[in-house]
Each structure stands twice: as structure tokens, then as C-alpha cells.
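Visitor: Listed below are the residues making up each chain.
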Amino acid sequence: MLRRISLLTLVLLFLLAACGRSDRDADANTEGTNEEPFRVAIVLPSSTTDIAWSQSMFDSLKDVQASMGGEEALRIAFSEGMFRVTDASAAIRDYASEGFDLVIAHGAQYGNSVFEVASDFPETSFAWGTSSDTGAERGITNVFAYGAAANEGGYVNGVVASMLTQSEIVGVIGPVAGDAKLYIDGFIRGVTGVKPDAQVNVTYTGSFSDTSLAAEAAHVHIQAGADVLTGSAQQVVGAIGVASENGIPWLGTQSDQISLGPEVVVTNQVYDWANVIDDMIAKISADEFGGTAYTLTFENGGLRLEFNEAIDIPDDVKDAARAAIEDIKSGAVEQFSDE
Amino acid sequence: MTDELFTISTLIGILHSCVRLATPYLFASLGETFGQRSGVLNLGVDGIMLMGAFFAFYVVFEGHNLWVGVLAAIVVGMLMGLLKAFVSVTMQALQGISGIGLYLFGLGLSSLLFKTLIGSVEGVSGFRQVGIPFVSDLPGIGHIFFNHNALVYLAYIMVPVSWFVINRTTLGLKIRAVGHNPEAADTLGVSVNGVRYATMMIGGALAGVAGASLSIGLQNVFQENMTNGLGFIAVALVYFGSWRTVGVLAGSLLFSLVNALQLWVQALGIPVPSEVAVMMPYVMTIVVLAFTARQIQKPAALARSYERGE
Amino acid sequence: MNSTPTFISTGQRSIEDLFAHGISKPTAGHRAVNFRLNAPYVQMYDIVKRFPGVLACDHVDFDVRRGEVHALLGENGAGKSTLMKVLYGLYQPEGGRILRDGAEVTIHSPTDAIHQGIGMIHQHFMLVDTLTVTENVALGLKSSRGLLLDLDRVEDGIRELSEAYGLQIDPRAPVWTLSVGERQRVEIMKALYRGAALLILDEPTAVLTPQEVEELFVTLSYMKENGYSLVFISHKLQEVLAVSDRITVMREGRRVGTVSTKEMTRNELVRMMVGRDIILEQTRDEVEVGDVRLRLQNVSARGVTGQQALRDVSLSVKSGEILGVAGISGNGQRELAEVVAGLRPHSGGSVEMDEVTINDWTTARRTESGLAYIPEERMHDGIVRDFAVSENLVLQEHTREPFSHGIFLAFEYIARYSRKLIQDFYIKTPDIRTMTRNLSGGNIQRLIVARELSRQPKVLVAAQPTRGIDIGAIEYIYSQILEQRDRGAAILLISEDLDELLALCDRIAVIFEGTIMDVLDRNETTAEELGLLMAGVDPANQEGAQAGVPAGAQA
Ligand SMILES: Nc1ncnc2c1ncn2[C@@H]1O[C@H](COP(=O)(O)OP(=O)(O)O)[C@@H](O)[C@H]1O
Ligand SMILES: [Mg+2]
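Protein chains in written order, with this note's numbering: chain W, 177 to 515; chain C, 9 to 318; chain A, 357 to 911.
The hints are simulated quantities; they were obtained by calculation from the structure and are not laboratory data. Hints may be right or wrong, so weigh each one.
To be verified - Here are the simulated lysine-lysine pairs, BS3-like style, with alpha carbons at most 30 angstroms apart:
{"no.": "1", "chain 1": "A", "residue 1": "Lys618", "chain 2": "C", "residue 2": "Lys306"}
{"no.": "2", "chain 1": "C", "residue 1": "Lys123", "chain 2": "W", "residue 2": "Lys238"}
{"no.": "3", "chain 1": "A", "residue 1": "Lys776", "chain 2": "A", "residue 2": "Lys814"}
Please put together the full structure from these sequences, using the hints given.
Guide: Here is the structure:
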């Protein structure tokens, strides 16, 4: 009997520790302020520190919070690591029933869950991305959709890569085929636009989180002659480590990756969701619960290209990058401007 | 384009990748071999690896020597092994379930510690590739085998070391006996549970180093859940290798070879759909498992806790 | 090196000391002990051991001298094993004392027993299959090389011991490749190597072939000459008479008496053992032989390890007839029984019951159609060890009326039915809910016989039905088998005991290396003829003798 009990305790201990992971810790100290804070909940497929997709949104939320006046003005609750859709679905429903003003489902795979819950909670606002579908056709009015024109940053990074490469071979480390397609297509266009003979080698690891394989992919690209690398999703952390070790320039995307390779990360395409979030909050405060689809572009400031100030980037590279951005904004690069 | 795959330099590249990729699998599955040979199934390897990866990284991140990082991983791994032993040997909890518990525990705790102690993904400078003098200059072979970081070499050194411990020491004999017929071992005065504690700690130490090989050897970064289930594959490799160290070596190499191959196939632009390419290692594993279902060496008492009966 | 190791008489020493004194290097013919004949070596006084529902040892006294073989005789369930397990530290007695060389000792575990120089060979071997002989012996011992194994030295020791005591084993063979007899030798080796001066053998012959029994007896006599004390547990009278110096007879947990073997006759012993006279010679009524009930035509099958175990076997058994199958263990008997029972696929030929081919029938269907099977491995194939006695009694029939209604078991009926069988077949068990594993071998066999025969089968396959069980139970099983024959069942009786076959069977087939050498009428053959056939020698054509036949195989 005694054995049973202590066993139970241990199991509980295990579970507790495991739960420490997806704690929904709204910074929940309820101070008596005169005005009710705006409450946002977000469900993320990976960690808030993934240096990629999830982190870009989480950091933007924190920025918005800071600019609105801290916790008194904006409360944030989050569930990270929700790579299982069923878990995410449950979390979305929980947040909705807890009365959050806005529930963000930060993953294209959460679409069905969002629409299902949204129709049950018409007074709650939802947002999901990457998507442009707000469910209007299904008669749903309380869902926002958002996405990023990753091809724009991809194109600019491609131009940068073509300027940096000497071997005329560039390596791309993708996660799951199809997912990072926009970015990679844009990137290839950027490279070949400048150097039509340059070769872009693309590998997929088949996972968003397989850092080991992504690291090895970096080795493979380097051995296959690549002298500039890029890649997407949280898996790239390992690859950036390898790039650093080998002194190979890395072009980042989604989030600020300079800290991982201070000597090799040349540029970053950064997603800045702050404007999107601001706009959604404003709309919700005006009782408009959804219906808008947002896309981050260079034009609307949602996309930014950051240069690593710590390293010497030749001026012609910077100029070419800036010119590419201007071309995209002005529509000189067709196909990117059409939405 | 296919002929590119068969150029010497590509083949060397593939094998070089393969040797390096196998590192964490080797550490982890050798460790698991110890446990399973003594009759304890530890499905928590992945959790131990994460803890090892985190502590090694943290120690190095705080400015300590890389080997101190490895030591930290070993200590943490042994503690995790101790915990597993306590739960499934002393408390006789079901080994499968308690292993999953340990995995979740390691996953949760390493994430929590990472969040509180570091906060964001950072890089460190880990073990560097060092060519072994003279032999690394050998054509082909030199690059494939002797141009890696210290932990890669260590992983391969652990293969004969593990073999030796299991087959040539008194502890190894006890491990084999306890895994196969604990009653018989008990009647000869062998402490069944003692041996199992020992193997859990050895396995934990090796799993810890497996984690360290990722965070301060191959990737030089720590990220939550960075093992991505690698520890579970390591458990499968033990079955694959029929509980023998050479078998585990062969399994790790084969699995890594197919992985390396698929990366190279993609990098060289050989027209194989990437969905097919990424499945190759798993398909391969299943196929080989199906054909090598030799179970002679399987420890008969695997996953059975032992209690002396009247 | 000390040519007369003294560790045994100064048993306070640890195993490590034994090693230091060169236990691994005994010289052939040395005396294990300086002994004074007739001095009691180990004494047990007033031992009481109780199990739920049984008093297994009821104030029992027992002693062993140096250089003697002391037999412990009694029917199954008499408490022999229990008494010796107390001595070996496996059971803690409720009362009593143990003395060694006149001084009281406490033995709480087998490890303690080993320290006291006591070794025990269990009925179920305690060996690690995957390890070699040497590794099994070395297991748990301190190595002379510290952390590293010293298997080469252990191996030398094994070779010397095996020479000294006629224990032939290949030290490098993995245990799983060994025969039962060889495994037993490994067990003895383990005890000797650990410096046991007293060796307890629990029914050591139950699992052996006749030649192996011979070899064991030779080993025992060497050991005895060298001053070892041996406790020989058995219920076989001939063996006890042949090998022992003194005999202690036990019955129902009590000691009936201790006698000198020389002064005893077989019949006197039987009376002590069972409390009455026993007649094994069965009276056979002549019965009308009917139609063929079971027919095998050109049946071939593979054995456990994939070897060709049966080749072109053709046999037929008629209603009211007992067909015996004689042969040395391992010549295909087991496979033959399993093929008929439907437990093993056969690769060629056909099996027919009542002229209907049943090749692809499941075991369940065969059972339903009137086939009964008493398996050789009764602990393994005959019962579910962890089931209650009553559950094992209705194992095949529990899904049918009146044992169950729909999906519900009829517990009332099952209980009543079980009690009746227990009474009718004299199964000794505390309760119908007792775990079957706690029954003695003879009682487990009675249980199986009760279950199989109570169904009034048309065909009965009995494989080694009396192996390892006591004489009282044997007598009973013989009478039951004959009763079934008289009732009109067709019986296939597989046995290694020629006396048994000659006593019971109408015809006897001899199997050798998976082929039927000949089928002979009981009245027209002799044990000698059968023995030669069993060894693969055709007496009609001695020239055709097969190579590699062990001498004495016809025993
Ligand atoms: N572990 C046990 N639990 C319960 N009863 C037991 C156990 N071992 C033996 N017995 C019972 O004790 C009695 C003596 O058994 P045992 O010593 O095995 O007899 P023997 O060796 O003479 O055949 C039997 O009635 C048996 O059923
Ligand atoms: Mg017994």
C-alpha cells in the first residue's frame, strides 16, 4: 500500500514537471486598476524562444504590450509547444471560454479548430495565420487572418546571397516541403535574378524541429560547395551553429537570429506583427470582431530587413538589398505587388 | 545528375556525414543497451538527453570549460538514471510508463530551466572539429573518420568500451545474467536490483553525454526539445542491434547513412521528392527490423521487475 | 597448493577464501574433506513449516553424515522439497534448529547456505540460458582479476572438477544448447565450485534419460568417496535402493522413519511410504478391439529448432487398444504427440480421427470431437500455473453449458464439479481455489488426468504420463488408462519406461530419429528387443546398426 502511494506521488511529480512546460501563465496578478486590461491569449506550435515563427509573434506581442503601457493595459496568456493540433484545439476553446478578448492561433494547422470554436463564441475575437481566410464565406465574422509575404524577404536575401557567393552555390535548409515554399521561391528568384548561373541547393529535413538533421544539412551544403546558407523554422538553430563554426554567411528569416551567429548572420528578414496586433485591438475595441486578412510586406512595414551591424557588410551588398526592397515596394518586381 | 552522387568526393561527404550523425545515437543506444541487457527498459532516454544537453550547454554558456560541460551532463544523466531506477526497480512501476514519465519530466524540466536560466536561444562555442594528426591526412578515410570533434571520437571509443564492460567484466556478466534470469542470479548472491541501479546510472550518464554531444558538440546551441525524439530512435536501435554493441553500432551507422544519403540526394538536386527522401531512414529501419528479427539475445526478463518469491 | 583443502570443515570462511585456497584447482582423486565417517555433519531438529492450508513439515528431524548418500523418500506432497528448502535458506521455518558440526547455524538465504557449504540442485534449474557453462559457474563469484572476468581460470577449475567427478560438460557451451542432463551437471558444478560439502539433489532423476541416470549415480559415488554429503530426494524405490546409504521416509509432512538401506526391501519401503501395499502389475481384461479411431499416414514434421523431427510416420490405433510408443527422449515423441493434439503443424501426410482427416482442425475442435491429451511438459502445456485448481479443471469446457451460461461462468456448478473430480481422482489440494503451481507434481498430473479423462474421450494421447510422479499416483494413473481402454477409447501412450509400456500396451511402436522402427505385439516382444530398436538397431539385421548410438541406450 505504502508503495502504491509513494508511486502515485512520483507520477504526480513527473506530471507536474511536464506541465511546467505549457503553463498558461497569464501574468496574472490582479491589481485593482480602474480600466479593465485588454486580454490576449495565444497558442503557439513551438516555443516562444524558437528564434523563428513563434518567437516573432511573441516578441511583437511583448512590444505592443510595452507600448500600450504594460500589463495594466494588455494581458498576455500563452500556450507554447502545441505541435499537436488536438492539444491546441483544447487550449483555444479554454481561452475562449475564459473570456479573453482575442485568441490568436499561431499556425495554419489550427484553422479548423479556430473556425469551430469561433462559431461557438461569437463575442470573442480570433486570429490565425498563416492564412488569408477569415471564414467570411462560412458566415463567420469574428476571425482575423494574417500572414507574411515571406517571398519578399526571400527575394532580398536571395539578392544578398548572390552578391556574397563566390562559389556560386547557395544552400537552403527547409523544414517540411511546401511549408517554407514562399520564402524559398522568393530566395531562388533573388539569387538567379542577379546571377542566372548560380546554383541553389535545397534540402528539407521533413521536420520543423529536427535540429540535428538541419545541422547536418548545413555540413552537407558546405561540403557540396555552398558558401552562403539560409533556412527557415526553429530547426535552423543547429544549422546556424554549424555555419558559425565554418565561418559561412547565414541569411536569417522570421526572427532576429544574430545572437546565434554574431559573426556569420549577415541579414535578417524580421516579421513585425505589432501593426497587425495594434489594428486588431483597435477594431475589437470598436466592436469589429474579425473579417480582416493582414499580410506583412515591406510596403506596410510588417517586414524589415536588418543588417548585422557587428560585421562589415560591403556597401554594394547593402545597396543592392535596399534597391531590391524599393523595387518590391514600387512593384518593379512583378508578382510580389499584386495583393 | 544521379552520377554526381557516385563521385568520390560525394561518397566521402556522405560517409563523413554519416559518421558524425551517428554520434548522439551511439551514446544513447549504448547506454540503453546496458539497461536493457539487465532487464530494464528505459523509454526516458530522450528526457535524460535533454537534461544532459541543457546542463552541458548551461555550464559552457556560463564560461566553463567544455569538458566541465560534459561532466555536468554525466552527473545529471546519472541522477536521472537513479530516479528511473528508483521508480522502476525499487518501486517496481511499469517500466514503459515510468520511462515516458521520465521523458516528460526531462522535457519539462529542461525547458523550464532554459526559460528561467537563459531565456532565449543563444550560441556557444562548442567542441571544434579536430583532425587527428597523420591519420586525418589519409586520402578519403582520413576525412571520413578522423576529422571530427572530440565527442564524435568519444562515441566510437565507447563502442568497444561498452562491449568490453558487458562481455569481459564481472559487472557485465551480472548484467547479462540479471537481464535473462534474475532468479538464477539471485540464488547466486547477485543483487538484482543493485545491478539494475548500476545500469540505469551508466545508461543515464551515456544519455547525458548524448545530449551534450548535441548542445556543445554538433549544434552549439540549446533549444527546448532539441532532441526531437532522437532518444526514442536510440531505444529502437537497441532492438535493431539485437542488444549487442556491434549491432547498435551497425544500426546507428545505417540509420545515419540513410539520413546522410537523403540530405545529399536533396542537396545535389537529384529528382527524388523530398517527402520520399525524408522517409528513407524510417522505412529502412522498419525493413531491416523486419528482416533481422533474431531475438536470441533478447533479455528474457526485459521490462519485468524482480521480487524474490517464496 | 594445499592438496587437502580445509575450507569445507572450517566453513566459516567466505567464498573469497575458498578461492584463495584453490577451489578452482582440485586434483583428481583428492578428498574434499578430512572426514570421520558416521559423524553427523548437518542436523535438523524439530523443523516446522506451514503453508496456507498445509503443514508441509510437521516437527521433522533429519541428519546427514559425511561421505554418505542419504535418501529422502516419500510420495509427492510429503514435504521433502520443503524440508530441504528450509535447509537451503529458501524457506524460513516456523520452528526448529539447524546444526552444522554440532554448532547451531542460522540460514536465512541461499547465500547463507552457500557460506555454510550447502548446495542445492533444484527441480527447476536455476541457469541463465544465454550464458556459457563457465559464465554460469563464475556468476556472482569474486574474480581473481578484480573487475575483469577470469573465465579462463574458472574454465580450468571446471575441467578439473569434471574430471575428478565424472561430470562431463563442455565449459564453453552456451547453456541453451545443453540437454537436461548436461544442465543438471552444470548445476552440480556450480555447487561444487562454490565449495559445497553438502549437496541436496531434488528429484534429480525425474528429468533424466536412463543413461544420464547412470552417469549421475557414478558422479554421486565419486563424490561420496571424497567425503561429500549428499541428500537424494526421490520417490523412485529402485533408485533409492541403488544409490543411498540411509533412507528417511516422509509421509504427509511427517518423518515415518530413518533406516539403513542395506536392511530394507522394496516392499517394506513401499509400506512405509504409502502406508499400504501397492500393486503396479495391472490386471488386464481382454477387450474387443474395434474400428480404427486414430490414424497417422506418412506424417512428417519439424521440431522446435527446425530440425526434421518426424519422418513418414504411419500408425493406427483402434478402439479398445493401447498403442505404446517407445524411444529415447528426443527422438520425435514430443512432436508426435503435438501433431496429434494439433499443437504443431505437420509438413506432410495426414492425421485422421474416426476416418475423417483432421489436418487443419484447431486443438479446440479436436478436443470437442473427443481427443484428450496429457502433455509431457505438464507444468507448461498441461495447466496454467497461476490459475486455481478449479479453473484448470474446466479449462477446455468453461465456455459450454453447464459450466457457463452465455458469457457468464457458472461458478456454483464449476465448484461442485471440481470437488467431485478432486474426490474421484484423489487430487491432494487444500482448496479448489488454491493456485495450481503450489500443488506437487503428482497432484498436478492427477489434475490433468482428471480433466482429460472425465470427458470420456474417444482418443487419448498420453505423453510420459508417469514421469516424475510418485508411485501411488502412478498406480492410479495406470488403472485409469486401462479403464479408458476397457471403455473403448483408443490410446496412444508415449513413454520411455519399458516396464510401463510392457505392462499396459497391446502393441508397441519404437521410434528412433523420427522414424518408426517397428510395431510389435506385446506378447511377442521383449525389453531387449525393444531396447535395441530404440537405439536404432534392427535386431533382425544387426549389420545395419546405425553409427553414433550411445552404448547402453537400450537400458
Ligand atoms: N510455496 C508453497 N505454497 C503453498 N504450499 C506449498 C508450497 N510449496 C509446497 N507446498 C505444499 O506443501 C506440501 C509439501 O510439498 P513439497 O515439499 O513440494 O512435497 P514433495 O517435495 O515431497 O513432493 C504440499 O502439500 C504442497 O502443496
Ligand atoms: Mg518435491
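Visitor: Which of the listed hints are broken here?
Guide: 1
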